[in-house]
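A.B. asks: Okay, here's what each chain looks like letter by letter:
There are 2 protein chains.
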Amino acid sequence: MPTIELIGLIAATLTTSAFVPQVYKAFKNKSTADISMTMYAVLLAGLILWTVYGIYHKSLAIILANTITGALAIVMIILKIKHK
Amino acid sequence: MPTIELIGLIAATLTTSAFVPQVYKAFKNKSTADISMTMYAVLLAGLILWTVYGIYHKSLAIILANTITGALAIVMIILKIKHK
Numbered sequence: 002m003p004t005i006e007l008i009g010l011i012a013a014t015l016t017t018s019a020f021v022p023q024v025y026k027a028f029k030n031k032s033t034a035d036i037s038m039t040m041y042a043v044l045l046a047g048l049i050l051w052t053v054y055g056i057y058h059k060s061l062a063i064i065l066a067n068t069i070t071g072a073l074a075i076v077m078i079i080l081k082i083k084h085k
Numbered sequence: 002m003p004t005i006e007l008i009g010l011i012a013a014t015l016t017t018s019a020f021v022p023q024v025y026k027a028f029k030n031k032s033t034a035d036i037s038m039t040m041y042a043v044l045l046a047g048l049i050l051w052t053v054y055g056i057y058h059k060s061l062a063i064i065l066a067n068t069i070t071g072a073l074a075i076v077m078i079i080l081k082i083k084h085k
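The listed protein sequences correspond, in order, to chains A and B. Residue 2 is where the first sequence starts when you use the numbering used here, and the numbers rise one by one after that. Residue 2 is where the second sequence starts when you use the numbering used here, and the numbers rise one by one after that.
Quick caveat, the hints were computed from the structure, so don't treat them as lab data. Careful, some of the hints might be misleading.
Note that the list lumps identical chains together, so a pair holds whenever it fits in one copy or between two copies.
What the hints assert, rightly or not - In silico EDC-like links for lysine to aspartate or glutamate, alpha-carbon gap of 20 Å or less:
{"id": "1", "residue 1": "K85", "residue 2": "D35"}
{"id": "2", "residue 1": "K85", "residue 2": "E6"}
{"id": "3", "residue 1": "K31", "residue 2": "E6"}
{"id": "4", "residue 1": "K59", "residue 2": "E6"}
{"id": "5", "residue 1": "K83", "residue 2": "D35"}
{"id": "6", "residue 1": "K26", "residue 2": "E6"}
{"id": "7", "residue 1": "K81", "residue 2": "D35"}
{"id": "8", "residue 1": "K83", "residue 2": "E6"}
{"id": "9", "residue 1": "K81", "residue 2": "E6"}
{"id": "10", "residue 1": "K59", "residue 2": "D35"}
{"id": "11", "residue 1": "K29", "residue 2": "E6"}
The structure presented is a predicted model; accordingly, all values stated were derived computationally and were not measured.
Please construct the entire structure, taking both the sequences and the accompanying hints into account.
C.D. replies: See below:
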């Protein structure tokens with residue numbers, strides 16, 4: 002694999018996995034007062050469109066990164082609704 | 002512009018602008034207790050690598066989306082340090 006594509010893969014892994022500690026924190030503390038619902042709603046809309054883009058271009062990396070981040074965004078939205 | 006590229010452009014605009022209401026909320030409320038510092042640190046590292054990827058591939062869309070989101074992530078890190 003060319004170095005630049007490896008960099009892209011690491012970049013995708015980091016920007017996706019970044020949301021895991023946020024989900025964990027909200028889940029553990031049962032508190033989401035400082036979390037912006039608008040952020041996660043707009044983010045989810047964008048991630049769905051990125052997934053459509055990835056499906057069209059048959060890019061497994063784009064599809065995987067965006068569906069996983071999308072799933073984490075949905076969990077954050079649920080936690081935000083649950084712990085107002 | 003092909004429809005699918007327009008979808009990609011809208012996707013990039015949404016996933017970048019999503020962070021604006023979060024920055025606004027943290028700035029306005031001066032409270033970031035529920036915000037994960039780890040999330041924004043890992044996200045920033047990923048966004049820097051995405052920018053490197055974009056520079057290599059001469060993709061202005063990737064460079065712009067990731068530098069703007071990166072700037073917003075830096076503001077969130079500063080607000081998180083300021084309002085513990």
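A.B. asks: Evaluate each hint against the coordinates.
C.D. replies: How the hints compare with the structure:
1. K85 x D35: This pair counts as both: shortest intra-copy Cα distance 10 Å, inter-copy 12 Å.
2. K85 x E6: neither (41 Å within a copy, 37 Å between copies)
3. K31 x E6: Neither. Shortest intra-copy (38 Å) and inter-copy (40 Å) distances fail the 20 Å Cα cut-off.
4. K59 x E6: Both: 16 Å inside a copy, 14 Å across copies.
5. K83 x D35: This pair counts as both: shortest intra-copy Cα distance 14 Å, inter-copy 14 Å.
6. K26 x E6: Classified as neither: same-chain Cα gap 32 Å, cross-chain 36 Å, threshold 20 Å.
7. K81 x D35: Both. Shortest intra-copy (10 Å) and inter-copy (11 Å) distances satisfy the 20 Å Cα cut-off.
8. K83 x E6: neither (39 Å within a copy, 36 Å between copies)
9. K81 x E6: So K81 and E6 fail the 20 Å test inside a copy (35 Å) and across (32 Å) alike.
10. K59 x D35: Classified as neither; 37 Å inside a copy, 37 Å across copies.
11. K29 x E6: neither (36 Å within a copy, 40 Å between copies)
The structure fails to meet hints 2, 3, 6, 8, 9, 10 and 11 from the earlier list, while all remaining hints are met.
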